[in-house]
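A.B. asks: Spelled out from the first residue to the last, the chains are:
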Amino acid sequence: MDVGVEHLGRVVRIAPRGRIDSASAEALGGHLTRAIDGGCRHLVVDFRDVKYITSAGFRALLVADAGMREAEGHLALCGMPREVHNLFQIGAFTEDFLILPSLEECLSRFAE
Amino acid sequence: MCPPRPEPRARATLQLRARNELAEIGRIAERVESFGAEHGFPKPVLHDVQVCIDEVLVNIFNHAYDDSASHEIEIRLEVDERRVLIEIVDDGRPFDPLASPPPELVAAAARRNLGGLGIYFIRRLVDHIAYERVGDTNRLVMSKNLRGAAPAD
Chain L
1 MDVGVEHLGR VVRIAPRGRI DSASAEALGG HLTRAIDGGC RHLVVDFRDV KYITSAGFRA
61 LLVADAGMRE AEGHLALCGM PREVHNLFQI GAFTEDFLIL PSLEECLSRF AE
Chain Y
1 MCPPRPEPRA RATLQLRARN ELAEIGRIAE RVESFGAEHG FPKPVLHDVQ VCIDEVLVNI
61 FNHAYDDSAS HEIEIRLEVD ERRVLIEIVD DGRPFDPLAS PPPELVAAAA RRNLGGLGIY
121 FIRRLVDHIA YERVGDTNRL VMSKNLRGAA PAD
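Chains as they are written, first to last, in my numbering: chain L, 1 to 112; chain Y, 1 to 153.
Next comes chain L alone, as it looks inside the complex (with noise of 0.2 Å):
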């Protein structure tokens, strides 16, 4: 996995690429983490790219959205592939975050 961050004006887009696994899974959870610390209030993830996440990529989700939470900010999630979603179906997880389907929805809800 690799992670690309893009900054979108007050918007901060995660992107990892490839497998949110086990031994990825960390790593995502630090750019989630100094992004949220770094004073970002608006994130997305867009999975576009991730072939597919573990349960070791759940845990790094949920500790940046509490996280956000606490800082009283934004996360929303996008891009998922449908094998992706179905985990997060199987996990009951598809309440606990905002999932939109593209980018570009993301911006414009945040935009509000």
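Accuracy of the hints is not assured; some may be wrong.
Per label pair, the in silico range of CB-to-CB distance [to be verified]:
hint, chain 1, residue 1, chain 2, residue 2, range
1, Y, G135, L, E105, 49 to 57 Å
2, L, G38, Y, L22, 21 to 29 Å
3, L, G9, Y, P94, 50 to 58 Å
4, L, R109, Y, E33, 32 to 40 Å
5, L, R82, Y, A99, 28 to 36 Å
Here chain L is said to cover these stretches of chain Y; the calculated rule only asks that three of the stretch's residues, wherever they fall, bring their Cβ under 8 Å from a Cβ of chain L [unchecked claim]:
hint, region
6, 19-26
7, 38-50
8, 53-60
9, 82-90
In short, the hints are calculated from the structure, not lab data. Backbone N, C-alpha and C define an ideal beta-carbon position, used for all residues, glycine too.
Since chain L is already given, all that's left is putting chain Y on it; use the hints.
C.D. replies: Relative to the frame of chain L, chain Y by itself:
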């Protein structure tokens, strides 16, 4: 050396050995991905197989060993026209992952205890799973159908 392009699908196997360290996860994933591509695994099947192998391995890394020594885990994939079989054997202490309690799926995410989530994913992603203790080893066998796989919605 390479089997002919399977149409109809010939039976093929992949055998791997992993040490009990996180650095092995990526190497194993790449071998499995190549095998899946070579033998025409449907995309959702390859996805689910890769998630399951990751979850089983990390579960072994975290729970199977009482010592800090290096151990080898055997991973075997077998595909035929019907299904992918995944067999994972470790020499750790007796541990039946299927006996672990399910994770909490109702509490708000921030308060959730996610223990057992990986095993829960496995149970939901494969069509059949069985554990047995064989001599001094744990043997977990999972089967994933190539067609009629659980739809991704």
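A.B. asks: For every hint, state whether the structure bears it out.
C.D. replies: Status of the hints after comparison with the structure:
no., hint, verdict
1, G135(Y) <-> E105(L): 49 to 57 Å, "holds, 55 Å"
2, G38(L) <-> L22(Y): 21 to 29 Å, "holds, 27 Å"
3, G9(L) <-> P94(Y): 50 to 58 Å, "holds, 56 Å"
4, R109(L) <-> E33(Y): 32 to 40 Å, "holds, 34 Å"
5, R82(L) <-> A99(Y): 28 to 36 Å, "holds, 32 Å"
6, 19-26, "holds (count 4)"
7, 38-50, "holds (count 5)"
8, 53-60, "holds (count 4)"
9, 82-90, "violated (count 0)"
Going through the hint list in order, the structure does not satisfy hint 9, though it satisfies all others.
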